[in-house]
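Protein sequence lines, in the order shown, are assigned to chains G and F.
So in full-length UniProt numbering, spot 33 of the first sequence is number 33, and the numbers just go up one at a time.
So in full-length UniProt numbering, spot 186 of the second sequence is number 186, and the numbers just go up one at a time.
Hints are computed from structural coordinates only; laboratory data are not their basis.
Just so you know, not all the hints are guaranteed correct.
Stated by the list, open to error - Think about it this way: if two alpha-carbon atoms lie no more than 20 angstroms apart in a straight line, the pair counts; the simulated EDC-like pairs of lysine to aspartate or glutamate are:
id	chain 1	residue 1	chain 2	residue 2
1	F	LYS49	G	ASP148
2	G	LYS146	F	ASP151
3	G	LYS94	G	GLU133
4	G	LYS42	F	ASP148
5	G	LYS49	F	GLU59
6	F	LYS131	F	ASP141
7	G	LYS42	F	ASP151
8	F	LYS124	G	ASP141
9	F	LYS49	G	GLU80
10	F	LYS94	G	ASP89
11	F	LYS94	G	GLU80
12	G	LYS146	G	GLU129
13	F	LYS10	F	GLU120
14	F	LYS94	G	ASP60
15	G	LYS78	F	ASP92
16	G	LYS124	G	ASP151
17	F	LYS49	G	ASP60
18	F	LYS131	G	GLU133
19	F	LYS77	F	ASP92
Treat the numbers as computed from the prediction; the structure is a model and nothing was measured.
2 protein chains.
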Amino acid sequence: MALKLIGTPKSSCTLKVLLTLAEKGISDYRFIDIDLMKGEQKLPGYLAKQPFGVVPILEDGDISLYESRAICRYLAKKYENLGTALIPDLSDLKTMGHFEQWASVEMANFDALARPLQWEVIFKPLAGEPKNEQLIHSLVDTLAQKLDVYDKAILAEQKYMAGNTFSIVDIFYMPLMSYLFRMGFGDMITDRPNVKAWWESEKPTAPPQQQSTSA
Amino acid sequence: MALKLIGTPKSSCTLKVLLTLAEKGISDYRFIDIDLMKGEQKLPGYLAKQPFGVVPILEDGDISLYESRAICRYLAKKYENLGTALIPDLSDLKTMGHFEQWASVEMANFDALARPLQWEVIFKPLAGEPKNEQLIHSLVDTLAQKLDVYDKAILAEQKYMAGNTFSIVDIFYMPLMSYLFRMGFGDMITDRPNVKAWWESEKPTAPPQQQSTSA
C-alpha cells in the first residue's frame with residue numbers, strides 16, 4: 001500500500017516531509033493537499049488522526065503518525081537503503097548521543113524563534129491580526145545571537161547541522177530558513193560566512209512528482 | 001571514569017537528567033552545581049563545552065554532550081539494563097515512529113509554551129525585568145487549549161505520555177509541570193482528570209546521593 005501524506009506545501013512542517021521523501025527518491029505516495037486557511041485540518045476526520053489540529057500526518061498501512069520530525073525519522077529508517085542516507089548508525093552510543101544533541105539544538109535554538117517569527121510576520125497579517133512589532137524585534141534579536149553561535153562555534157567546526165554528514169537535521173532547518181528570506185531577514189543567513197556556506201552548499205533535490213489529491 | 005554532570009537543580013533541564021539518573025539508580029557521578037544567576041554558564045570553560053551558554057552538560061570519558069533530552073536518551077541507552085526501562089525498542093519501525101511522535105509532541109505543544117511562561121513569571125522578576133502580562137495571558141490560554149487535547153484525546157487513550165509505558169518522555173514533562181504549580185497554575189493540571197491522573201500516578205524516584213562540587 002502506498003504512503004499517504006496529509007498536509008500542504010505551504011506548511012514548513014509538511015515541507016520537511018516532502019524534502020525527506022525527495023532525498024529518498026520516493027514518489028509513490030498520495031498527497032492530500034488540504035487548505036489550512038479554510039481550517040480543513042480541524043475537520044473531525046483529521047482531528048481523529050492529529051488531535052492538535054495541525055499538519056502533516058503520514059499514513060502507512062495501519063500506521064498513522066504525526067509530528068514532522070517523527071515522520072522524517074520514520075521515513076529515513078524505513079527507506080534507509082534508498083537515496084541519501086539521512087540518519088547515522090544510532091546503535092552506536094556516542095553517535096546517537098551527538099545526533100540527538102544536534103536534533104535538539106534545532107528545536108531549542110532555531111525553531112523556537114523562527115516559528116513564532118513566521119507566525120507574527122506571515123500568518124497574523126494573513127488572518128487580519130496586527131503584528132506585535134516588539135515581539136518581532138525581540139525574536140529577531142535573539143535569533144541573531146543564536147545564529148552567531150551557529151556561525152562561530154558550530155558550522156565553523158562541522159559542515160552540516162548534525163556533524164560532517166548531511167542528515168534529516170539539515171532538512172529540519174530548511175523550510176524556516178527559506179522563510180527567513182521571504183520575510184526579509186535573509187541577511188541573517190548571508191551575513192554569517194559559515195551559515196551562508198552551509199545554506200548554499202545544500203540544495204535539496206526537487207520534490208518528486210506525486211499524485212496530488214485535494215481533500 | 002565516573003560521569004560528570006554540569007548544571008543546577010534550579011534548572012528544569014538539569015532536573016530531567018537528574019530524574020533520569022535517579023530512575024536508573026545511578027549515583028556514581030560527579031555533579032558540578034553552577035550558579036546561573038552569576039552567569040557561570042557563560043564562563044569560557046563552559047562555553048567551550050556548550051556554546052549557547054546554558055546547562056546541562058554531561059561528560060562521560062571523551063564524550064561531551066549537551067541538550068537535556070539528548071543526554072537523557074544517551075543515559076537511557078547506556079544503562080538500558082539498569083533500573084527503569086525508559087526507552088522502548090527503537091529498532092522496531094512502528095514503535096520508533098510513535099515514540100518519536102510523542103517525544104516531539106512534548107517540545108511542540110508543552111515546552112514551547114511552558115518554558116516562555118516560566119521565563120516571564122519566574123526568571124524575569126528575578127532579573128529585575130517587568131513581566132509581559134499580555135504574553136503571560138496568551139501563553140496560559142494556549143497552554144490550556146493544548147492541555148485539553150492531552151486530557152481528552154491523548155491521556156484518555158494511553159496511560160503515559162509516550163504510550164502505555166513510562167518513559168523518558170514522561171520525565172521530559174515533569175520539571176516544567178512542577179513549575180506550573182509553583183507559578184500558581186496548578187489547576188491547569190488538577191482540573192483535567194486524565195492529566196491529573198497521569199501527574200499523580202507518576203512519582204519519580206528520589207534523586208540519588210551524589211558528590212556535589214561547586215564550580
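Please flag the earlier hints that this structure goes against, numbers listed from lowest up. Hints 2, 3, 5, 9, 12, 16 and 17 not satisfied by this model.
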